[in-house]
Amino acid sequence: MAFNLTRRRFLQSASLAAASIPLSKVVSAETGFVQSPLEPKGSLKEETATGGICEMCFWRCQLIGKKRDGRLIKLEGNPKSIDNGTSICARGNAGIKLLYDPDRLKYPLKNVGERGKPVWKRISWEEALAECSSKLKGVVDKYGPQGIAVFPHGSTAKYPMHFFERTVGTHNVSEASFFQCRGIRDTAYWATIGKAPGENVDMPNSKAIMLLGSHIGENVHVSHVKSFIKGLQNGSKLIVVDPRYSAAAAKSDVWVKIKPGTDTAFLLAIMNYLVKTEKYNVDFIDEWADGFDEFAEGIADWTFERAAKECNIPVEQIKEVADILAENAPNVSIHPGRHVSWYGNDFQRQRSLACLTALLGAYYVEGGWVPGIKPKVGKVSWAKHDHGNEHNLNYNEDEELRHPFTPPGTPTELIRDAALTGKPYPIKGCVIWGQNPIQTIPGQEKMKDVLRQMDFVMCVDVMPTDATMWADILLPEASYLERFDLVKTGTQWDFSEKHQQYITARMPLVEPMFERKDNVFITNAIAKGMGHEEEIPVKTVEEMVEKNLAVAGLSIAQLKKEDGIHLRDGKDPYGIPEDFEVLLYNEDIEDAGFPGVPTYMPVEPPPAGFARLLYGRVPVHTFNRTQNNAWLNFAMPENPVWINDETANKLGLKDGDTVGLVNSEGFKSHTTTTVKVTPGIRKDSVYMAHGYGSANPLLSVAVNAGVDDTSLMTKIAIDPETGAHGMRNNFVKLIKDGKVLDIPA
Amino acid sequence: MTSTTTLRIATLYRFCAQSLQYPDTNWLNADYLQGLYSLLESLGADDELEQVQTAFETDPDILETLQIEHTRLFINGVPHVVAPPYGSVYVDKSLQGLHTEKTLNFYAECGYSLKHGSDLPDHIIHQLEFLSLLAENNDAEHESEFLQTIFLPWFSKFGARVKQETHHPFYSVIVQLIDYLTKEEDEHGIQLDEA
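Chains as they are written, first to last, in my numbering: chain S, 2 to 746; chain X, 1164 to 1358.
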C-alpha cells in the first residue's frame, strides 16, 4: 500500500485525529470480551468429561475426554467400559484432529455457483432452513413425496431418514450401510435364521474360527479384535479364506488363497462333505432345521474336486478346513462378515455361511454364534405410517418385488435409474446426510448425473466430501464429540466372564463450535417448514435421549453420575430359544424365483491383461470418512496397490513405484499411488484400501492423496435377491510412466 | 504517548476488527464507508482509495459480492479456504492448538475472558479487539508482548495469503491496514512513550 506516512508519524500526526473521528462513529462499542479476575500463567482449568461414544468408525467405543479450559486435548477409553475398556484405536485417538480440523464445515452455506463447481456464500441458519423447507416442499407439491431421494448414513441420519420416510412418505431412502456394506448379510441370515446376525460370534470361547474375506485386525473394532485375539490365545484354530494375506490371515492356521468370487463353491463343498460323511450335527439339524433333504440334494454335486477347480485351491486344503470345522464343532465361530457387498452373488454366500453354522450346530453354544442379551431402551423417532407401495420402486408393474430380500429402504440403483429416466416418476429433490455417495456407490459419473438433474440438493455433514460439492445448501453438523445422540447397549464381550449389561448414551465432551447444529434441530426446523410441525416427536436431541433412557429407568443425569455408563447384571446368553428355526431350504426364496438352497453363481473372470480390483480396510482409516484427518493421513497418506511379487517382477515393478490405474472400460484414475509388491496377493487380483483420493480440494489433506478405488468401479453389479451393489467386479491394469502394463496370466 | 493517542489507536484496531466481520448491512453502511475513505485519504493511499471506491460504487450488489468473497477467503471456498482467520491454523496446523491456549492465557493474565458463545479465542477479530482494549488501557507493555508473541507470528502468513489471493480490493486494503498498524513494532520496537 502506498501510504505516504510512516506508521509512527501517522500515529503522532493530526491525520490520526482527523481519521479517527469518523471511525469512532462506526466501530462497535461491543467486543467479544468481558473483564474477569487477573489470572496467573498456567491457570487454565483441567477436567475430565465422560459420556463420549466414538464415531471415527461405526463400532462406537466408549470414551472420556481430557480437557483444558474447554479445549479437548486427549481422548481415552472410558475406564468403566466393559466393551472397549480403556483401549481406543488410532482413529479413536485422532478424533481430536477431526474435531479441530480447520477444513470442517462451520456455517450454513448456499451455493451461488454451479452444482459440482460451487461458489459458497455463508448464510444464516434461518435462511438456510427456510430454503431447504421451501425447496423440498416444492418438490413434494410438484412431484409427490416420492420425488425426494435420501442418502443417509450414520447414527445421526436415522432421525432425518425416518422423517422423510415415515412422515413425508418417500420410499426412496438408501443407506450405504445396507446397500453398499452389510445389508446382504442381514437379509441372508433373516432368510435363514430369522434374524440379523450382527457380528455375534463368541470367538473367545471357540475352538475354531472361520473368517471369509474379513478385515478384522484391519478395521480394528476394539472389542471385536479383543475377542478375536482372546480366542486365538485360548488356542482356537483360525481359518482365513481370502485372496489376500490379510492381517487376520497372518494369524491363521490355514490360509485359503481363494479365487475371488468363488467362496460359495468352497462353502458348498464343505457342507456337502459334512452331509455326505455325516460329520454334521445330526441332533441340531433334526431339532432346529427345516429343509435338510432339499438342501442335501441341492448341494450334492459339490465335491472337493469340483470346488478346488472352481476356487483354484488344493483339494486337500478344502478337506483340511472341513475337518477342522467338524472336529471342533459345535464350538466354532463362522463369522457372518461385515462389508459383504462383493460380486453381486453375495446373498447366496451369506446364506451358505448361515447354513454351515447350522450344520455344525454352532448357534447359541460356546464359541458359536451367540447374541448377547442386551438391556432394552427406547427408540423414539417419527411415527410410522403406511404409505402404500404405489411409488415403491422395488415393486414392478405386476406388484411383485424386484429384489424381494432387500434390506430396509430402496436399492440405490433403482433410485438412480428412476432419477435419470424420470420413469416411473421423476426424482427431483435430494437429501444427503452423513453419506458421501460419490465415494460410496459404484458409478461416480452416474451419481453426478443423478445430482445434476435434481431441482434441489441439500447436504448435511461434519466435513466437506466429494458429495458436498453437489449441494445447493450445505449444513454443518455437530460432530460426535459435540452432541447428544444415540443410546448404546451391550454386554461384556467375553461370555465366560461375569454376565453384565451396559447402557450408555452419547453425550457431548465439548460444546459445538461455530454454528454447528444437531440432527434433531435441523430435521425439526425443516419438518416445521414443510408443514409437519404437529408430528414432531421430540423438541430436542436431549429429550430424545432422555426418553430412550427412561425405558431402562435411567436419565442423562443418572448416567453422568455413573461416569457415562450404567452397568447391571446380565444373563447367560447360551441356550437355543424355543422359537429358533433354521431354513436350510427356503421355499419363499424359491417362490420368488431364486435358489431356495444355497447356490453358487459364477462371476465374470478378469479379461486377458487385467486383474480384479479388490479393496478393503486399513487400521488407521475408516474409508473416506477419515481421509482428511492429519494424524491418520500422516500414518498412512496413500493406499498402495498390492501386486503379486512374481507378477511385479515380470512387469518390472518394484516396491514404491508410482502407478495409476485404468479399468477394463477405459476409465483412468485421476491420481496415482505407490506399488506394494507382496506374495500375499493372488496373481489375478490387485488390492488397495478404499476411500482415498478425494476430488474435493476443500479437503486440504486428503485431496488427490492416493487413488479413489470407487472411481474405477464403473461396472454396476447388483445382487439379484437384495438389490445391493457388488463392488469387486471391475478389472484394472496399472499405468507406469504413461505406459499401460498388461497383467500377465 | 498520550491517552488520547492510544484511544485513537484503539479505535483503529477496533475498526480493523470490524472490517473483518461477516459483511452485513448492520455495519457495512455509508458511515462505515465514509470512515474507510477518510482513513485511506489521511494515509495518502490514493490508489487504494480509488480501487475500493470504484469497487463499491460500480457493484450493484456489493454486499453479496463481499459475502461470497468473505466466505471464500475465511470460511469455505473452492479450491480451498484461502486464509482461515485463526492463529492456531498457522502455528499448530489445527484449530484449537497450543496457540489458542496461549492466546486464552494471555487474555486471562490481563483480566479478560471471552463472552459465552464467542468465536475461538485466536480469531483475528478477537485478537484485534483485545489489542484495542490494551490500547484503551494504555497498557503498552502487554500490547507489545501480545503483538510480538501472539499476533504477528501468524498474521504475516494470514495477511500475505489474503493479499495475494483475494479477488476484491476491500480485503486487500484491510489486511494492509492491519499490517500497517501492527508491523512497525516488529521492525523498530515499541516506542509508545517516546515523547
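Treat the hints as calculated values from the structure; they're not laboratory data.
As the structure is a prediction and not an experimental result, all values here were calculated from the model.
Careful, some of the hints might be misleading.
[As the list claims (entries may be wrong)] Computed list of lysine-lysine pairs in DSS-like fashion (alpha-carbon distance at most 25 Å, straight line):
(1) K1320(X) - K68(S)
(2) K68(S) - K1326(X)
(3) K1326(X) - K46(S)
(4) K1320(X) - K46(S)
(5) K159(S) - K651(S)
(6) K42(S) - K1326(X)
(7) K42(S) - K1278(X)
(8) K1265(X) - K68(S)
(9) K118(S) - K1278(X)
(10) K1278(X) - K107(S)
(11) K1278(X) - K677(S)
(12) K26(S) - K1265(X)
(13) K1320(X) - K107(S)
(14) K1320(X) - K75(S)
(15) K377(S) - K562(S)
(16) K67(S) - K1320(X)
(17) K107(S) - K1265(X)
(18) K1326(X) - K67(S)
(19) K651(S) - K677(S)
(20) K107(S) - K1346(X)
(21) K380(S) - K159(S)
(22) K572(S) - K540(S)
(23) K1265(X) - K42(S)
(24) K655(S) - K1320(X)
(25) K447(S) - K499(S)
Here is what the structure says about each hint:
1. Straight-line distance between C-alpha atoms of K1320(X) and K68(S) comes to about 29 Å, which puts the hinted pair past the 25 Å bound.
2. Simply put, K68(S) and K1326(X) have alpha-carbon atoms about 36 Å apart, too far for the 25 Å limit, and the pair is violated.
3. At most 25 Å may separate the alpha-carbon atoms for a hinted pair to count; K1326(X) and K46(S) exceed this at roughly 38 Å.
4. Among the hinted pairs, K1320(X) with K46(S) is inconsistent with the structure: their alpha-carbon atoms are about 31 Å apart, more than 25 Å.
5. With a CA separation close to 50 Å, the supplied pair K159(S) and K651(S) exceeds the 25 Å bound.
6. A C-alpha spacing of about 35 Å is found between K42(S) and K1326(X), which places the hinted pair above 25 Å, so the restraint is violated.
7. Of the pairs offered as hints, the one joining K42(S) and K1278(X) holds, with about 20 Å between alpha carbons and a cut-off of 25 Å not exceeded.
8. Of the pairs offered as hints, the one joining K1265(X) and K68(S) holds, with about 15 Å between alpha carbons and a cut-off of 25 Å not exceeded.
9. The hinted pair formed by K118(S) and K1278(X) fails the criterion: a straight-line CA distance of about 37 Å is larger than 25 Å.
10. Note on K1278(X) and K107(S): the hinted pairing holds, with a Cα-Cα distance of about 19 Å set against a maximum of 25 Å.
11. Among the hinted pairs, K1278(X) with K677(S) is inconsistent with the structure: their alpha-carbon atoms are about 53 Å apart, more than 25 Å.
12. At roughly 33 Å between alpha-carbon atoms, K26(S) and K1265(X) are farther apart than 25 Å, so this suggested pair is violated.
13. At most 25 Å may separate the alpha-carbon atoms for a hinted pair to count; K1320(X) and K107(S) meet this at roughly 22 Å.
14. For a cut-off of 25 Å, the pair hint linking K1320(X) to K75(S) is broken: about 28 Å separates their Cα positions.
15. Annotation: proposed proximity of K377(S) to K562(S) holds, straight-line Cα distance about 20 Å (limit 25 Å).
16. Restraint check for K67(S) and K1320(X): the C-alpha separation of about 31 Å exceeds 25 Å, so the hint is violated.
17. Proposed proximity of K107(S) and K1265(X) is supported: the alpha carbons are some 23 Å apart, at most 25 Å.
18. This hinted pair does not check out: K1326(X) and K67(S) have alpha carbons roughly 39 Å apart, beyond 25 Å.
19. Simply put, K651(S) and K677(S) have alpha-carbon atoms about 15 Å apart, close enough for the 25 Å limit, and the pair holds.
20. With a CA separation close to 31 Å, the supplied pair K107(S) and K1346(X) exceeds the 25 Å bound.
21. Our distance criterion of 25 Å between C-alpha atoms is met by K380(S) and K159(S), whose separation comes to about 11 Å.
22. A distance of roughly 35 Å separates the Cα atoms of K572(S) and K540(S); the hinted pair therefore is violated under the 25 Å criterion.
23. For the hint linking K1265(X) to K42(S), the alpha-carbon distance of about 9 Å falls within 25 Å, and the restraint holds.
24. In summary, the hint linking K655(S) to K1320(X) is not supported, as the alpha carbons are separated by about 41 Å, beyond the 25 Å threshold.
25. In summary, the hint linking K447(S) to K499(S) is not supported, as the alpha carbons are separated by about 52 Å, beyond the 25 Å threshold.
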